[in-house]
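Chemist: Start from the sequences, fold in the hints, and give me the full structure.
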Amino acid sequence: MLIEIIALLATLTVAAYIYLQVKWTYWSKRGVFFLKPTFPFGSIPSFFTKSKHLNDEFYSHIEKTKPLPYYGIYFIGGATLIINDADLAKNILVKDFDYFVDRNGDATNKLLQTKHKTDIIWTKQMTMSTGEYWKNLRSTFSPIFTSGKMKAMMVFIQETSDKLMQAIDAKVTANEDFELKEMLGKYSMDTIASCAFGVDAESFSNKDSKFVQYASNIFKNTTMEAVRFLIILLPLGKSLLNFLNVPMFKVTETEFFYDAVVASLNHRRETKTRRNDLIDLMLDAIKGEVAMDEHKDEDDQFEKDAALNHVPKKGEFDELVIVATAIVLMVAGYDTTGTTLAYACYQLSKNPDIQDRLRAEIEEVTGDSDMPINYESIQKMNYLDQIISETLRFCSPIAIIQRNTTKDYKIPGHDLVIEKGNDVWINVMQMHTNPKYYPNPHEFNPDHFTREAKANRNPCAFLPFGQGPRGCLGMRFALLEAKLALANIIRRYNLHPSEKTKEPTELDPYSGIAYVKHGLYVRAEKRY
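Everything in the sequence shown is counted per this note's numbering, starting at 339 for the first residue and increasing by one.
Please note that the accuracy of each hint is not assured.
[Stated by the list, open to error] Keeping only pairs whose Cα atoms sit at most 30 angstroms apart, straight-line, the calculated DSS-like set for lysine-lysine is:
hint: 1; residue 1: K390; residue 2: K428
hint: 2; residue 1: K404; residue 2: K864
hint: 3; residue 1: K792; residue 2: K748
hint: 4; residue 1: K558; residue 2: K453
hint: 5; residue 1: K745; residue 2: K367
hint: 6; residue 1: K625; residue 2: K489
These are computed hints drawn from the structure, not numbers from a lab.
Modeler: As structure tokens, then:
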């Protein structure tokens, strides 16, 4: 029996090798430069082996492909085109969006075939949705995240910011340096839990908070998850996983957040209470009872590019969509905002001149008042906005923006036709470190984002939230949350570097949103 199994595995391996060798001729036949694939993973084996973080992987492509507007890779057997040029990125993400409505191709389609109950929850949320269903979902929920609605959330964010100040005060009193992601992740978790669910995640008061524990776990990549992802890309792989009832997403964590959202919905029904938070707004949205704000910022390029001319169908979505969307907002909001704030505080501790300049702006806007910083004050802090933007560029949370070609597309100015079904990825690392767009790109310099600098640069050279109609819907919420926390921290404390940070820093290959292996530490000195 053992001999037969070995013979079968050997036969399948040889068959897979021959199959992939044929697939790996795609780019050479089209005259496109490509990165040499390695059996069986393709051109980026580190995605599966976790030998390096995806940010480091795509940064390593720059020297090999820098003069090229695009190049090819093989993700297992799939031929994927990588975009290096901001003008081409703008065509794909904005101008010719109708050709690239979906985020992913084959992998997403196979995930949508899932039979596991917790995986079904994930397939209902916006990032996995495709075609008309996605357009209806996006159009339904877009009015929730306008600037007017975000202003109404300010009271919840301020309450959580007060908890953050108390936690940092405790570290100052104890004369302790602290790890930034741990501290600011708690702030991020409590904020989204309050705004989305109307609950206290107890991130600061309970060191064993399951909200923080499970949200952190969801974004940790493991080798086993990479193997499962590899299997679904193989012929009959997804059918095999369905037959064995093997989930693609973490079951315990998904069930925890599902139960939290459902409990919140049931409580509102039973008590007939309303907080005007994200859950209430989503309930209104699926009933067609939320309108877009009348006022629009004409200078907001992201808002212009994200416009989607589509009238959603009423009654298409049930409460499971709310559950799925709320879960994504929570886990994504926790990791991205907490990480961005951690990097921002770390950079300010290393650059006291930038820290002092920000503090001067905060004091100029707020005066001598010790009143809480409000929404209007945040909007006046231009240098604060520059610092957050530079942090997102310098410490990019993501490596790529993914799109799938929904119909054949000829690249303007080139002979190449991207065939329907092909994945197209934008190399964010190339955009964010290109001296064509950012003078001295390896220097942390908030003046990369002055009004004049932005006006002279293609908006698709800055992609922390994507761009176009499939850009991040929760961007305004994330930025407001980050700005309020950073303004309060710098107003109240001087931040200093800590010897506990291991330099030079190295990205953890198992982190989903890019973060360093051994943490980032600072020492805070209270100013008043």
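Chemist: Each hint needs a verdict: does it hold in this structure or not?
Modeler: Checked hints:
| no. | hint | in the structure |
| --- | --- | --- |
| 1 | K390 <-> K428 | holds (29 angstroms) |
| 2 | K404 <-> K864 | violated (46 angstroms) |
| 3 | K792 <-> K748 | holds (29 angstroms) |
| 4 | K558 <-> K453 | holds (23 angstroms) |
| 5 | K745 <-> K367 | holds (20 angstroms) |
| 6 | K625 <-> K489 | holds (22 angstroms) |
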